[in-house]
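The residues making up each chain are set out below.
Number of protein chains: 4
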Amino acid sequence: MDSLAELAQELRRFVKDRDWDQFHSPKNLSMALAVEVAELLEHFQWLTEQETAELPPEKLAGIREEIGDVLIYLVRLADVLGIDPLEAAEDKLAKNEEKYPADKVKGKALKYTEYGD
Amino acid sequence: MDSLAELAQELRRFVKDRDWDQFHSPKNLSMALAVEVAELLEHFQWLTEQETAELPPEKLAGIREEIGDVLIYLVRLADVLGIDPLEAAEDKLAKNEEKYPADKVKGKALKYTEYGD
Amino acid sequence: MDSLAELAQELRRFVKDRDWDQFHSPKNLSMALAVEVAELLEHFQWLTEQETAELPPEKLAGIREEIGDVLIYLVRLADVLGIDPLEAAEDKLAKNEEKYPADKVKGKALKYTEYGD
Amino acid sequence: MDSLAELAQELRRFVKDRDWDQFHSPKNLSMALAVEVAELLEHFQWLTEQETAELPPEKLAGIREEIGDVLIYLVRLADVLGIDPLEAAEDKLAKNEEKYPADKVKGKALKYTEYGD
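Residue numbers (the working numbering), protein chains in the order written: chain A, 1424 to 1540; chain B, 1424 to 1540; chain C, 1424 to 1540; chain D, 1424 to 1540.
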């Protein structure tokens, strides 16, 4: 597979073959996405930050599957809404470049009043 | 931008320019990902499924930004872990094809004992 | 058990018996809380709103366990931070009474610009 | 307020005054709960575990509000489902006592295959 567009296409077929379109409202897909992200969190919750940066291969294999699941639901949700996720990310990154000028925020974690949008 | 690999590259530069690598442990990035996904949920929480399938353009614009954020953190997390997210999704989809044979699950929402992995 | 204070007390003992205090930073506990809430979401994600209001007893039993888990981590997190969760809820409810006057918001789902704090 | 039952009672009145019952399906309430928990995560995501254990008072005030919100939605969800959350937590804790015998798990973070139920 070469692109998110191709993944979206494959997912459309997968869903159609199973007659699952009826369950794939944006609302439901956002919930499924949240569930998959929590399965990622679960891998990390009791580890130190350092430990999560040095994971053994068998843990990485499990995490890789969850990352696959998250991308699947994200691409599916975007497809149902008619949104191109890569373009959306590109636009958001451009916005973040302006919002967080490198010389102002260098080396500082943002205060929580500054994130969240 | 043409690919997730290019997005990952851009994010590396963005983070390096700000000296934010120190904050980007997999643990922290998984939390940031969960926060962004919740901002998606927030758009949908009080709407009916039907309403979430017929959103007016101004709502879609807000949702598009959140989808951008989710993809940004997902690609960043995968990059830090050395995982190719598109390959991970492709492998997971192949696994799901076997796990949920079309003729067995057609038109049925999975029982909750059947999802969650 | 008669109160959240008693539950907090029991949890302190449970954690101390297992020498788990070292893992119970507010950061980690917030992640555990998010994971448990996602297990609740998982029960509801493919059901219609109506179906989630008419659950059969065996589903309710599973959901009840997740609600127990969520309360456990919430009370534990609040205890570690020195916060009384019931007082916090009471204060927040009083604030919401002012923020959402009944005669102004009656029967309306809040627009998403109005929630989120 | 002296108990979760009293909080549940107050919330019923709050919701009725606003004619919001129509939005309070278990499905929607679980989403609202997830959104509030993510607002907790947001406070902690870029801090070290140590920093989250030594928060300045102004941050704690914000966190206290989120804890109030989480308890509000949890109690509301449990009430709509006819579940007593404190009893559910008590039963779950008893189950955990058996599942994780102190002498077996002392000082060990559980492997991720061992949590998640």
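Treat the hints with caution; some may be incorrect.
You can't tell identical chains apart in this list, so a pair holds if it fits in one copy or across any two.
[As the list claims (entries may be wrong)] Within a straight-line C-alpha distance of at most 27 Å, the following computed DSS-like cross-link-like pairs (lysine-lysine) qualify:
| hint | residue 1 | residue 2 |
| --- | --- | --- |
| 1 | K1439 | K1518 |
| 2 | K1515 | K1482 |
| 3 | K1482 | K1518 |
| 4 | K1529 | K1515 |
| 5 | K1529 | K1518 |
| 6 | K1439 | K1531 |
| 7 | K1531 | K1518 |
| 8 | K1522 | K1439 |
These are calculated hints, taken from the structure and not from any lab test. Note that the coordinates shown come from a computational prediction; the quantities given were computed from them, not determined experimentally.
Against the structure, the hints:
no.: 1; hint: K1439 to K1518; in the structure: between (36 Å within a copy, 17 Å between copies)
no.: 2; hint: K1515 to K1482; in the structure: between (31 Å within a copy, 16 Å between copies)
no.: 3; hint: K1482 to K1518; in the structure: between (35 Å within a copy, 18 Å between copies)
no.: 4; hint: K1529 to K1515; in the structure: within (19 Å within a copy, 36 Å between copies)
no.: 5; hint: K1529 to K1518; in the structure: within (17 Å within a copy, 37 Å between copies)
no.: 6; hint: K1439 to K1531; in the structure: between (47 Å within a copy, 12 Å between copies)
no.: 7; hint: K1531 to K1518; in the structure: within (19 Å within a copy, 33 Å between copies)
no.: 8; hint: K1522 to K1439; in the structure: between (41 Å within a copy, 16 Å between copies)
The earlier numbered hints are all upheld by this structure, with none contradicted.
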